[in-house]
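K.L.:
All chains should be built: construct the whole structure from the sequences, respecting the hints.
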Amino acid sequence: HLDAELANVPSYSPPVPVLEGHWKGMVWPNSVQANFAPETGVNKETLTKVGMASIAVPTGFEVHPKVDRHIKNRLKSLEAATGIDWATAEALAFGSLMLDGCDIRISGQDVGRGTFSQRHAMLVDQKTEGVVVPLNESLQLESEAKLELAN
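So the sequence shown is numbered by my numbering: it starts at 11 and just counts up by one.
The reader is advised that the hints may include incorrect statements.
Cut-off 25 Å, straight-line C-alpha distance, at most; resulting in silico cross-link-like pairs (DSS-like, lysine-lysine) [stated by the list, open to error]:
| no. | residue 1 | residue 2 |
| --- | --- | --- |
| 1 | Lys156 | Lys54 |
| 2 | Lys54 | Lys34 |
| 3 | Lys76 | Lys59 |
| 4 | Lys76 | Lys137 |
| 5 | Lys86 | Lys54 |
| 6 | Lys156 | Lys59 |
| 7 | Lys76 | Lys86 |
| 8 | Lys82 | Lys137 |
| 9 | Lys59 | Lys86 |
| 10 | Lys59 | Lys82 |
What follows is a set of in silico ranges between Cβ atoms, one per label pair, in the way DEER data are often shown [stated by the list, open to error]:
| no. | residue 1 | residue 2 | range |
| --- | --- | --- | --- |
| 11 | Gly124 | Asn53 | 23 to 33 Å |
| 12 | Ala91 | Gly31 | 35 to 45 Å |
| 13 | Ala91 | Ser41 | 33 to 43 Å |
| 14 | Asn161 | Met62 | 44 to 54 Å |
| 15 | Ser117 | Phe71 | 16 to 26 Å |
Keep in mind that the hints were calculated from the coordinates and are not lab data.
All residues carry an ideal CB built from backbone N, CA and C; glycine is no exception.
P.N.:
Quick look at the structure:
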């Protein structure tokens, strides 16, 4: 019996339990069935909507003057559809993933503002010190997904 089992070793393929259940339908990246050029784009209207949501300031909310300048610059680049900086591209990615139903969590030191004051994914009211995450507030009617910023 052992000799027969040993003869089967070269053709044995172990089961792949990671591609079962929730992962059923997925394929190994180097397999013949893998899609090597998947469609990954997001339409311009969605990106514009997400970009505007990323800078939506609630009525009566007082942002810091430097953050206000950041908001105006982002608005200008969105309207011109050119000059999109890294932080804006990141906000577009976060928001489009949220619209697809994906929760996003960023953790680390000062992640809401960004290490070099570039992100501004959360805004702080200069009078009340209240905090708002514009993507969460603006996209809540279209998606239950949330952007969690764990400073």
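K.L.:
Run every hint past the structure and note whether it holds.
P.N.:
Structure-based check of each hint:
1. Lys156 <-> Lys54: Given that 25 Å is the threshold and the Cα spacing comes to 22 Å, the pair holds.
2. Lys54 <-> Lys34: 32 Å, violated
3. Lys76 <-> Lys59: It holds: about 23 Å lies between the C-alpha atoms, which stays within 25 Å.
4. Lys76 <-> Lys137: 15 Å, holds
5. Lys86 <-> Lys54: 16 Å, holds
6. Lys156 <-> Lys59: Measuring from Cα to Cα gives roughly 16 Å; hence the hint holds.
7. Lys76 <-> Lys86: With a Cα-Cα distance of about 15 Å, the restraint between Lys76 and Lys86 holds, given a limit of 25 Å.
8. Lys82 <-> Lys137: Holds, at about 20 Å.
9. Lys59 <-> Lys86: Cα-Cα ~14 Å, so holds.
10. Lys59 <-> Lys82: 16 Å, holds
11. Gly124 <-> Asn53: 23 to 33 Å: Cβ of Gly124 to Cβ of Asn53: about 27 Å, so the range 23 to 33 Å holds.
12. Ala91 <-> Gly31: 35 to 45 Å: 42 Å, holds
13. Ala91 <-> Ser41: 33 to 43 Å: 38 Å, holds
14. Asn161 <-> Met62: 44 to 54 Å: 25 Å, violated
15. Ser117 <-> Phe71: 16 to 26 Å: Hint holds: Cβ distance 25 Å, inside 16 to 26 Å.
Violated hints for the displayed structure, listed by number in ascending order: 2 and 14.
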